[in-house]
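> Chain F: place on chain X using the hints.
So the sequences go chain by chain: X and F.
Each residue of the first sequence is one higher than the last, beginning at 0 in numbering that gives the first Met the number 0.
Each residue of the second sequence is one higher than the last, beginning at 0 in numbering that gives the first Met the number 0.
Honestly, the hints are just simulated from the structure, not real lab data.
Among the clues, some could well be false.
Claimed, not checked - Keeping only pairs whose Cα atoms sit at most 25 angstroms apart, straight-line, the calculated BS3-like set for lysine-lysine is:
#  : chain 1 : residue 1 : chain 2 : residue 2
1  : X       : Lys211    : X       : Lys97
2  : X       : Lys17     : F       : Lys89
3  : F       : Lys73     : X       : Lys97
4  : F       : Lys89     : X       : Lys23
5  : F       : Lys269    : F       : Lys256
6  : X       : Lys97     : X       : Lys17
7  : F       : Lys73     : F       : Lys183
8  : F       : Lys137    : X       : Lys97
9  : X       : Lys97     : F       : Lys89
10 : F       : Lys89     : F       : Lys23
These numbers come from a predicted model, not from an experiment.
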Amino acid sequence: MSSVWLRQLGAVLRLEWKKTLLSKRGWWIYLLALGPVAITMLHWLIEVQHPVSSSRHSLGDDSAAYAAMFFFFYLRGAIFFGCIGIFNNLFRGEMLEKTLHYYYLTPMRRELLVAGKYLAGLGTALVLFVGSAAASFFLIGRHFGPAYSDYIWHGPGLSQLGWYCLTAALACAGYGAVFLMCGLRYGNPMIPAAVVFVWEGINPFLPSLLQKISVIHYLKGLIPVEVPIPPPLNVMVVDTDATPAWVAIFGLLAVTVLLLAYSALTAREGEISYGE
Amino acid sequence: MTENTLITFANVSRFYGEVLGINKVNLSVPPGITSLVGPNGSGKTTLMNLMSGLLRPTQGQISVLGVPPDHPEKLGRILGYCTQFDAFPKGLTGWQFLYSFLLLHGMSEAESRQRAAAALERVNMMDAAHRLVAAYSKGMRQRIKLAQAVAHDPQVLVLDEPLNGLDPMARAETIALFREWGDKGRHVIVSSHILHEVDRISDQVILLSHGYVVAEGQIQGVRSEVKEQPMQILVRCDRPADLAARLFQQNHVVEAKIHGDGRNLLLRTKDADSFYLLLNRIVLDSGLDVESVAPADDDVNSVYQYLIGGEGGTV
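Excised from the complex, chain X in its bound form (with noise of 0.2 angstroms):
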C-alpha cells in the first residue's frame, strides 16, 4: 500500500472516528452498550451486600447466563442493533446531511474510502461491544471473589472470554459489512435491515440448510458455553450439526470481504444525488 493510500485512509479514520466515536447522535448505541455491565454491575453489588443470595446459584448458573445474555442480549440485540446505528449512517448519514460530495471529490480511491469508514467504524463497535462484553463477563461472577479468579485465570474463564471477545468481534466485522452495504445500496436502509433481523430470528427455527444462510448461526456455534433456550421456544429449535468453528471464523471473514468488496463496487459507481 503506497504511502498517499495510508495517508488517506489515517485521514478517513481520523474523522470518522470522530464523528462515529464521539457522537451525540450515537447516545443509544452506548447505551446499548453499557446496559448489560450496568446489570452485571448491579448483580455483582447485590451479592456481595447479600452473600446469602449466592447460595442459590452457583458459578456454572452465571457462566450459563452470561452465554444466554451474550448470545439474546448482545449478539440478537445490541451488536445487531448498534452495527445498524454505526454502519448504516457511514455513507447513509453523509448522505442526509448532504456531506459526502466533499469526500467524492477527493483525489481519493472510493474502495479506499469504503475501508477506511469500515475501518472507523468498526473500530467504535470493538471498543463499545467488544469492550462491555468483557467487563460484563469479569463482573458477573465477581462476587464469588478468589473462586471467580480462579475460574478466569486458572481455569477455562479465560479460554470462554477469548471466544466471548472473537465471537463477538466478529458478530461486528460481519454486521458491520451488511449495514455499510445497505446503507450504500438502499435509499431507505432500515428496510433491508429489517429483513435481516427478521430472518436472523427465525433463523434457529429454519431448517438446517436454511439456518447456514446465515450470520447469527455461525456465531452461535462460537460461543463456548452452551445457550440455554427456555421453554417453550426449545422444542421449536431444529437442531443442527454444529459447524467447525475454523470454518465459521473464515466463512464470515470471507463473506465480510465479500460485502465490502460489493460496497466499494458500489461506492466506485455511485452518484451524489441529494434528492434536489
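Positioned in the frame of chain X, the structure of chain F alone reads:
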C-alpha cells in the same frame, strides 16, 4: 488546443429517471473564466456535477483536461468544486475542515497545514479559523467552501453560485480570485444568476435553457450571431440629430433615438459592420465630433433575452 487543456462534453445527456437534466451537450471549454448562465432548472448544476464526477452521464463522454470524471483519484487532484450545498461535516472548525480534507488528498501533515493556512488567508478567514463552521455566517460559510475548493491548487475550479451570500467587499475579493485564477491560464467555471457580474468577469459564456446549450463562446461573438435582433449601438456626439438623419438613408439602420442629455444617439442596425464603416465616412465628411461609440446590447442579459426570451425563472 489539445484535449489536455480543454474540458470537453461529447454528446452528453443526463436524465433523472424521465426528467431531463441536460441533453446532447457538445462543449469544448478553453482555459479562462467561463460562466454558465440559465434560469433555475436549465441544467447548470447538472453540467457542473457531471464535470466533477458527482454524477455520471446517461450517455456521452466527458473529459476534464484529458481525465474522465469517473477516475476520482486523478480528477480530484486537478479539480476543485465549490458546490451550492450549504452543509459541512459536523463538529469541525474552519481550520479542521480544510486541514482534514487536505489530508484526504494524501498530503503530509506539514503540507496540509501550510496549504490550509494559505487558503484561509486567501479568503480572509484567518481570524475565524478556529471557530466551528456551524457558527459561521452564510457569507463565511461560502468563503470557507471556496477556500476548500482552492486549497489544493487545482487546474480547474468549478463554482456553483459562488457569490451568493457574500457582502460587496467579499464579492470583489472573490471576483479578484477568479480573475487571478483565469489569468494563470486555468479553468474557472462559474454559475451565477447575477448577470452584470457574469458580464464583468467572464471570458466566455455558456447559455443554457431547459437542458440544452443555446449558445457558447465570447459574449460579443454570441451576440453577433443573433442576426434576427438588430444590434444596438450608442453613439455620443455633438450633433446626434444630424447623424440620425444621415444614418436613416441606409436600409440597415432601423431605429434611432436621442436620449439622455441630448448628446446620446441609440441606434438599432441589422448590419453592424456596415454601420461602423458608414459612421467613419460621416465623421470624415461632416466633421462630426464623436465622443464615444459602444455596443449597447452585447451583454449577457441582452443576449440571454434575445436567445431565450422572457421565460420564467431566475436567470
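> Indicate, hint by hint, whether the structure satisfies it.
Consistency of the hints with the structure:
For the given pair, lysine 211/X sits about 39 angstroms from lysine 97/X by alpha-carbon distance, which is inconsistent with the 25 angstroms threshold. Between lysine 17/X and lysine 89/F the alpha-carbon distance is near 10 angstroms, which keeps this suggested pair within the 25 angstroms criterion. At roughly 23 angstroms between alpha-carbon atoms, lysine 73/F and lysine 97/X fall within 25 angstroms of each other, so this suggested pair holds. For the given pair, lysine 89/F sits about 11 angstroms from lysine 23/X by alpha-carbon distance, which is consistent with the 25 angstroms threshold.
Taking the CA atoms of lysine 269/F and lysine 256/F, the gap is near 16 angstroms; set against the 25 angstroms cutoff, the hint holds. Under the criterion of a C-alpha separation no larger than 25 angstroms, the hint pairing lysine 97/X with lysine 17/X is consistent with the structure, at around 18 angstroms. Simply put, lysine 73/F and lysine 183/F have alpha-carbon atoms about 21 angstroms apart, close enough for the 25 angstroms limit, and the pair holds. For a cut-off of 25 angstroms, the pair hint linking lysine 137/F to lysine 97/X stands: about 16 angstroms separates their Cα positions.
Taking the CA atoms of lysine 97/X and lysine 89/F, the gap is about 11 angstroms. The hint holds against a cut of 25 angstroms. The hinted pair formed by lysine 89/F and lysine 23/F fails the criterion: a straight-line CA distance of about 39 angstroms is larger than 25 angstroms.
Hint check: violations occur at hints 1 and 10; the rest are consistent with the structure.
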